[in-house]
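For reference, the chains in residue letters:
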Amino acid sequence: MNTSTAELTCVACRREGPHELVTAGRLLQSTRCLSCGHVVRHEQRDLMAAYLRDLEHRVLTKPGRLVRRAVREPLTFARELPGALLRQPAKFAGELSALLRGR
Amino acid sequence: MPSRPVLPRAGRRPARPGTTAAVVLAGGSGSRVAAALNKVYLPLAGRRVVSWSFSWAREVAEIGTFVLVVRPEDAELAERTLRREAAGLHVRLVVGGGTRHESEQAALDHLADPIMDGAVEVVAVHDGARPLAGPSLWRSVVRTAGAVGGAVPALPAVGVLTVGADGHPVVPGTGPGAGLARVQTPQAFRARELLKAYDDARAAGYQGTDTSCTAERHSNLTVQAVAGARTNLKITYPHDLFLAERLLAEHHYRLP
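Protein sequences appear in the order of chains G and L. Each number in the numbering used here comes from the position in the first sequence (counting from 1) with 1332 added on. Each number in the numbering used here comes from the position in the second sequence (counting from 1) with 952 added on.
Looking at chain L on its own, in the form it has when it is part of the complex (with noise of 0.2 Å):
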């Protein structure tokens, strides 16, 4: 495919009202059993999973351009979760690939049009096991990376010891791991940057295991990590569905 060429940038503004496309993954890695359920679609206090990620995205005044990307088995069960659960919403489902990267991609493939026109300028990418990421994270990268290029929420990584090559453990705040932060979603970009940095990601055949990764690598975007939230948490032990529902419940299910 050839690539795309990358226009004149827009300038360190933030993104305007309704410019913002939010990504939410639900793809998988498409190793599952075939008869389980895919995660994003467990019923979490009265919905979905992944509906909570566009109850929270769709309070962002920003945002204006919805995709879920879904496994090809999973279209129809996604198809009737949002004409329940998000309703008024207008959801463009997309089928995304094998890999997290490749579910990327599609729905960059997918967004190439508004890109490029300029009605989207910025992407929002999120992944759909995380719930809780609210209002407020979403308004915060969304903005932050219309005003410096992109934008990931990050949390200190706590208990994380670096060892030196000699086997010896460095001194907290020195050394290689003195900045080492645990990263979330959603993750933001400029759209056409991005876009292009997926375009050249394929041609060079280069897989990231995060948005972030093939911007930082095929792309000049500044990245800058907002503050995550220790309560977006991304379900991946049935702990995690508990705790998920006991912080819903607590925040009367309307988030920050």
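Chain G on its own, in the form it takes in the complex (with noise of 0.2 Å):
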């Protein structure tokens, strides 16, 4: 789970300002309009079918995305690939955990 904060429009208070944004892997969860407060989030369901064919495609292109990788900064890649490996299990359960909590 991420949250950044970023300048958007808002539909409730119609001021252009800050919103916090919140991710699940890739997927856009919720939004919250840091002057008025309002919401908007993906439906539960909506978002859990979405986030299924997401990583659907994560998987299927990460293979390709790392020989990328690892042709473009062979020393990081190296450097950097056993402990992105060990933090991916924790990685997705924190996902899917915060999927399933609906935050």
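Do not take every clue at face value.
Unchecked claim - With a straight-line cut-off of 20 Å between C-alpha atoms, the simulated EDC-like cross-links for lysine to aspartate or glutamate are:
| # | chain 1 | residue 1 | chain 2 | residue 2 |
| --- | --- | --- | --- | --- |
| 1 | G | Lys1423 | G | Glu1412 |
| 2 | G | Lys1394 | L | Glu1037 |
| 3 | L | Lys1186 | G | Glu1352 |
| 4 | G | Lys1423 | G | Glu1388 |
Said to hold, decoys possible - Some chain L residues well away from chain G (every beta-carbon gap over 10 Å; in silico):
| # | residue |
| --- | --- |
| 5 | Gly1050 |
| 6 | Ser1092 |
| 7 | Gly1160 |
| 8 | Arg1182 |
Quick caveat, the hints were computed from the structure, so don't treat them as lab data. For each residue, glycine too, the CB sits at the ideal point set by N, CA and C.
Mind docking these for me? Both chains are given alone in their own frames, and the hints should help you get the complex.
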């Protein structure tokens, strides 16, 4: 679960201002206007379906992305790969748990 | 700054492969809250919003030069983003100005030499907050600009009502509002004429709201509307991010 803040226009208060964005994996889960508190979120059932579709795409394209990175920055890739592999289970568990909690 | 001479036109022919420059604007208005991320760097389906534009533009054979116009404070983030998400593509980073017009001017100044020596024949300017302008739209504006001078994607302005001076609605299809259209980006123009138009605009102290405004006011270029795409949305509201994410997924992350 990642959060970031970006400047968007709120549909409720009509002001252009900072919004907090919450993402699960690479999917946007919800946004909250920091001026008026208006929240826009994925319907929970939609989000799970979208997450699973997206996860399938991530898994299928991962080998290609790994190869490209290895070719581009071989030393950095070799240094960071073990840590990245070890972090994957916790990362996916965290994403799923956040989705199920429906934050 | 002295104005540059406009060399004789190359004639009405499409742009040759590799002779178009794609300029993606990620400068913004400069009025943002300091802590908030520029929306063009928001994550969207696995990469930043702005990276999608380069993904689509690089599929167009005519495009051989890529420019990203950034705010000074975003330069490092832009560099990191491009290194990771536009690998193998040489994208020139240009620091833009406080307005869209000034950012366009900065990009054209950067491209002045290749434009004047003929390496860049067409310039296509795109708003980085529109991640869903697919390769076919880029191709369409670039080819049309090469053939006629300028091209802007447009959609019929459905739901727009023109009101006359007497306060009464004008009958649809008649009057000054008959040809109203919503304009999108990328907008493409013959490079030398566009460069000259921006030099003239600077000398006149003029700032256009988009590229076609300046081109139409300060050049003799013929600007033709090409069919825009309803999916070519501009990220403005939170809903736009959800919609863009869904549209990309439905197209299996490969836009036509």
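A quick look at each hint next to the structure:
no., hint, result
1, G:Lys1423 to G:Glu1412, "holds, 16 Å"
2, G:Lys1394 to L:Glu1037, "holds, 14 Å"
3, L:Lys1186 to G:Glu1352, "holds, 19 Å"
4, G:Lys1423 to G:Glu1388, "holds, 15 Å"
5, Gly1050, "holds, 16 Å"
6, Ser1092, "holds, 28 Å"
7, Gly1160, "holds, 22 Å"
8, Arg1182, "holds, 19 Å"
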